[in-house]
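Colleague: Given chain A, work out where chain B should sit, using these hints.
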Amino acid sequence: MTIIALENLNYSYKDGGMQRFILSDVSFGFELGCFYAILGNSGSGKTTLLSLMGALDEPQSGTISYQAEDIKRLGYDNYRRNHVGIVFQSYNLIPWLTAVENVLVAMDATDNKLPKDQHAVVTNLLTFLGIDQGKATRRVTELSGGEQQRVAIARALATNVDLILADEPTGNLDETSSEEIVEIFKTLAHEHGKCVVVVTHDSEIAREADTVLRLSKGVLGVA
Amino acid sequence: MNFAKRAFLSLSRRVGKTLILFLVILILGNLIAATVAMRQAIEQSEHLAKLSLGANVSLGQDYQALEKVWSAGEEPELVALDANIIESLGVRAEVKSYDYTLDVYLSARDVKAYEPSADNGGYAITSVGGGRGLTLRGIHYAPVLLIEEGQLELVSGRVFSQQEIEQGAMVGLISDKVAELNNLHVGDNIVLANEIRDYSDETAILDGGEGTLAETRDVVLEVIGIFSPKSGSAEASATTPGSSDQDWMAQMLESETHNTVFAPIAVAQAEERFMIDAYAKITPDEFENAATYDPWYTPVYVLNSVDDLASFSEAAQAVLPQYYTVLNADSQFEQIAGPLKSIQSIVGITLVASVIAALVIVSLVVVLFLRDRRKEFGIYLSLGVRKQAVMGQVLIEVLLVALVALGIALVTGNLISGALSQELVQNQILAAQSDSMGISVSYASGAANMLLGNLTIDDVLANYSVGIDVPYVLTFLGLGVGVSVLSCILPLLYVLRLKPKKILM
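Protein chains in written order, with my numbering: chain A, 1 to 223; chain B, 1 to 505.
Source of the hints: derived by calculation from the structure; they are not laboratory data. One or more of the hints may lead you astray.
[Stated by the list, open to error] Only pairs whose alpha carbons sit at most 20 Å apart, straight line, appear in this in silico EDC-like list of lysine to aspartate or glutamate: (1) B:Lys112 with B:Glu286; (2) A:Lys186 with A:Asp162; (3) B:Lys230 with B:Glu180; (4) B:Lys387 with A:Asp111; (5) B:Lys499 with A:Asp57; (6) B:Lys387 with A:Asp77; (7) B:Lys387 with A:Asp108; (8) B:Lys501 with A:Glu179; (9) B:Lys387 with A:Asp57; (10) B:Lys499 with A:Asp77; (11) B:Lys375 with A:Asp15; (12) B:Lys387 with A:Glu142; (13) B:Lys502 with A:Asp15; (14) B:Lys502 with A:Glu58; (15) B:Lys502 with A:Asp77; (16) B:Lys375 with A:Asp57; (17) B:Lys5 with A:Glu168; (18) B:Lys5 with A:Asp15; (19) B:Lys501 with A:Asp117; (20) B:Lys502 with A:Glu168; (21) B:Lys5 with A:Asp117.
The following block holds chain B by itself, in its conformation from the complex:
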């Protein structure tokens, strides 16, 4: 009868003690399994969320840093981003493509702007002055980054040629909704109005709030293409009615997307220049630096992969002016799903504590059981049974019980984790969101907003799923078997020190 068979017989014939060891490992196993499952689920949720956000980066103002300055009663000196900095980062190896845009808000005097339907749970979005406007978005990248990256779909016509971009040709892309509202087609002209209003007269503001029209000029663009937001982008997410701030944000984004007219950047620069010069005439005190006014560009970089985020961010941060930061999926994830990190940290500590507790408790239980079997081991040794065989028997006994207990804990621990953690994670995120209300966070604007994705609490929670997968099984069984084997070291040392004469005679 070899030691393996003895181990099996020992377990099957000493049922009481086997059961106690089994229950101890099962309980501790459940604790470890639950924490491992939760850890895996959080990592998975983070991974999926980041994947869905993609490897896109923008550069924008760091509102958290600004908040500190403002709260100290100081006025930070903000500067526009230099195009040279934007372009120098754009040629880095991590960058697949990039663009920088300039938005100018124009009046839709002769055209109808798109309004989200109130019947569809939409919010009424009214522009300054009570009327509706369109955003003229000057772009630098001829293929249009949002179309190339699949946020927008070109449903008719074409994108810009490089020549049109370089020469500032009066051509543009409009949305299908604006085209439909105004019966515009490719080849038609869209006429926007760059209206400069004078608000210096208080009565003019009070009378309808539109001020008086000081200067105006038409911006006539030939429609060369018509785009539509793709499903899953701003429009699609906005069609689900809801009451949260995120729904409102989605509606805003939808409206902004449809009411955007893409044009070469020189067109937007010219219109902005016209505005600055006009306002400098109306309120020269406020625009004393009008001649040297720099455009406030919004840069967007599409990186080759998510793995490039860290190195690009480091390089960008080194050249950015004060109060600027890198806005990317990571920063958005941290803002929205930051509480997951704190849960992950707690779960990590719990996991380490449970492993240590399991090591100590299982070791003590095994030692206590072996003390009861002192005479049995003395008999083996008096018969000349090798100590390795005696130790092998102990190891097999513990491992057999552990494997059954861990096998059950693998499933039950997962179920316990699934039942408890889903709500915990949800409450934690919602509580953190509630706590952070009113605190400024850094969001990208314009084109960057669409490209950086729109992560919601629902996205994070939808990605949070406790399940049994290969990494979970391997991690848990590795830990469980490891703890069981390590728990035998102390008891095995005890066996090694046994002297048969002292036990038997």
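Next up, chain A with everything else stripped away, as it sits in the complex:
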């Protein structure tokens, strides 16, 4: 089932008086239960594509549909709040909050129906992702890079969304942590039926993905 569909997406910006086209008529449908990797060189527009899919930015033309509904009509804030979880390369956690509190921020924002005992849900989620209770109550600045990325993934999952977008999620991690994070994504896709889209230039991740897409000169295609 297609959870998110891109249709004729175009995105460009002015660079020193020249119009630079990043995405040209990009169209693709992403399915639930699949782990996607989008590859591309630096500056190829991978991050831009992910920010459009995460409604952090707006395409100049074309549509992005979530479950067949244009996300513009859904409302970008509403879409981010209730339908997508985003994992960033630099984790983007709030430094003065604990791991549990960081996840609770997202849970407070969403309108999705969540279990009442949110604290227990978060603790279980973090345990599932390899963060024990002792670390869960520490400020995130006291955790390692791999652990912080796990907290970021927990935050993306906590609102019970079906679509997980990750921008270079292993870019700041060592090899072991990277492998563990990739395993988590695979599990989420294959065992929990989520759609996981990872933007990366790491070919190791690409090898683990169900579908590898390549973005080159503004065109997205299956590798």
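Modeller: Below, chain B without anything else, positioned relative to chain A:
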């Protein structure tokens, strides 16, 4: 975790920045609190002073206007107040009761006048000619305004009847001190002497200074009542020894009060007429208009309330002859406590400046802090947290810090204001009093003097008190919270303009 809890956690876990914001608001809060407290204290002092002076009005000569004419080398043409003008103002709606009096100075040849005790810090008050005299005060208002208004107390006998006033009956009220000195009681007669002395012979003046007795006639009045000044009036204020001009004034007033004999106005008019006619014979050049001489009445109006002062003054000023003015508690307050007004004006400007400074400084501090938290806000927005919630968090953070800081500033600012301003106010008033020495000011005379009250610097300073009361708390907290909320507008606009992609990717 909702935004309110996040706000609380943000404050408690980012202690350094919270402390900086707290100190900024505390310092500015103290400045605002001190100025608000001072402003309130000045307003309170003015209010209490005016209340103590009451809503009584007299009409008298405007010495400030006259001073200008005199200093220009001109001789102003002064006229007596027409009784018709006095009476027309007396029937106005603002007036509760009124009187107009005529004072005639008579010799106490056969009676002893009251002298303030020198042992009691009193001043020796000697009348013209070296002897003591009594003032015959002719009044128009039968119940005696000073008794009705509580300045004097009738300790024995009665006041006048309307018939006695209208017919000019030879009856009078004397003070308890004069009664005691002369062993006089209600029903007895007091004999005053209307002595006309001739000072045209220079040798007579040099020989003891009393001139020669040209004419005399006895003024025999039946004592129908005996009065005593009430505590808190002239006598009471005069019993506190001191060295200031105000003590001297109080002694004068005390002596004048005790040595006053109240009688129907026709009695005073007749005695004044006798004097004018007699002097016209001695020095006809100086009294060429004796036949048409008008009595110089002193009117006193008791108004219904202090709020009536403005409208009555306006009406009176419209009908008064040139060089006359309305004398009331306001004018007395302006003369004595005028410097408070200038301090109040400075304090007002300081208050406005501090509020503006606080707005700018707190806004800048909050903006700077929010710039440091740009990424945090970007994260909230990427998670779909509503902008209202982000703004709510900022507002709560600033308000929580502000409330604690303002709560402390409420007390400390008051203490600072109390410590600094009492002396400032005192010095300002004393400096202004010193500067104004020698400048003529308009004071009421006779009965009006007592009714218009006797405001002193000590009264004003005693009423000046910096304290914590409801108006102060409300004004200060209103200003403080208002400044804090307004200071968040600029930072909140900054939050509204944030784009998560630009911050995070």
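Colleague: With reference to the structure, classify each hint as holding or not holding.
Modeller: Taking the hints in turn, this is what the structure says about them:
The straight-line distance between the Cα atoms of lysine 112 (chain B) and glutamate 286 (chain B) is roughly 32 Å, outside the 20 Å bound, and the hint therefore fails. Restraint check for lysine 186 (chain A) and aspartate 162 (chain A): satisfied, since their Cα atoms lie roughly 14 Å apart, inside the 20 Å limit. A threshold of 20 Å between alpha carbons decides the hint, and for lysine 230 (chain B) with glutamate 180 (chain B) the separation of about 17 Å falls inside it, so the pair holds. Of the pairs offered as hints, the one joining lysine 387 (chain B) and aspartate 111 (chain A) holds, with about 15 Å between alpha carbons and a cut-off of 20 Å not exceeded.
This hinted pair checks out: lysine 499 (chain B) and aspartate 57 (chain A) have alpha carbons roughly 8 Å apart, not beyond 20 Å. A threshold of 20 Å between alpha carbons decides the hint, and for lysine 387 (chain B) with aspartate 77 (chain A) the separation of about 9 Å falls inside it, so the pair holds. Distance check on the hinted pair: lysine 387 (chain B) and aspartate 108 (chain A) sit about 14 Å apart at the alpha-carbon level, within 20 Å; holds. With a C-alpha separation of about 27 Å, the suggested pairing of lysine 501 (chain B) with glutamate 179 (chain A) is violated against the 20 Å cut-off.
For the given pair, lysine 387 (chain B) sits about 16 Å from aspartate 57 (chain A) by alpha-carbon distance, which is consistent with the 20 Å threshold. Between lysine 499 (chain B) and aspartate 77 (chain A) the CA atoms are separated by roughly 12 Å; this keeps the pair inside 20 Å, and the hint holds. Among the hinted pairs, lysine 375 (chain B) with aspartate 15 (chain A) is inconsistent with the structure: their alpha-carbon atoms are about 25 Å apart, more than 20 Å. With a C-alpha separation of about 29 Å, the suggested pairing of lysine 387 (chain B) with glutamate 142 (chain A) is violated against the 20 Å cut-off.
For the proposed pair lysine 502 (chain B) and aspartate 15 (chain A), the alpha carbon gap of about 16 Å is at most 20 Å, so the pair holds. A C-alpha spacing of about 12 Å is found between lysine 502 (chain B) and glutamate 58 (chain A), which places the hinted pair at or below 20 Å, so the restraint holds. This hinted pair checks out: lysine 502 (chain B) and aspartate 77 (chain A) have alpha carbons roughly 16 Å apart, not beyond 20 Å. Between lysine 375 (chain B) and aspartate 57 (chain A) the alpha-carbon distance is near 16 Å, which keeps this suggested pair within the 20 Å criterion.
For the given pair, lysine 5 (chain B) sits about 32 Å from glutamate 168 (chain A) by alpha-carbon distance, which is inconsistent with the 20 Å threshold. Taking the CA atoms of lysine 5 (chain B) and aspartate 15 (chain A), the gap is about 43 Å. The hint is violated against a cut of 20 Å. Proposed proximity of lysine 501 (chain B) and aspartate 117 (chain A) is contradicted: the alpha carbons are some 32 Å apart, above 20 Å. Restraint check: the Cα-Cα separation between lysine 502 (chain B) and glutamate 168 (chain A) comes to about 17 Å, which is no more than 20 Å; the hinted pair holds.
In summary, the hint linking lysine 5 (chain B) to aspartate 117 (chain A) is supported, as the alpha carbons are separated by about 17 Å, within the 20 Å threshold.
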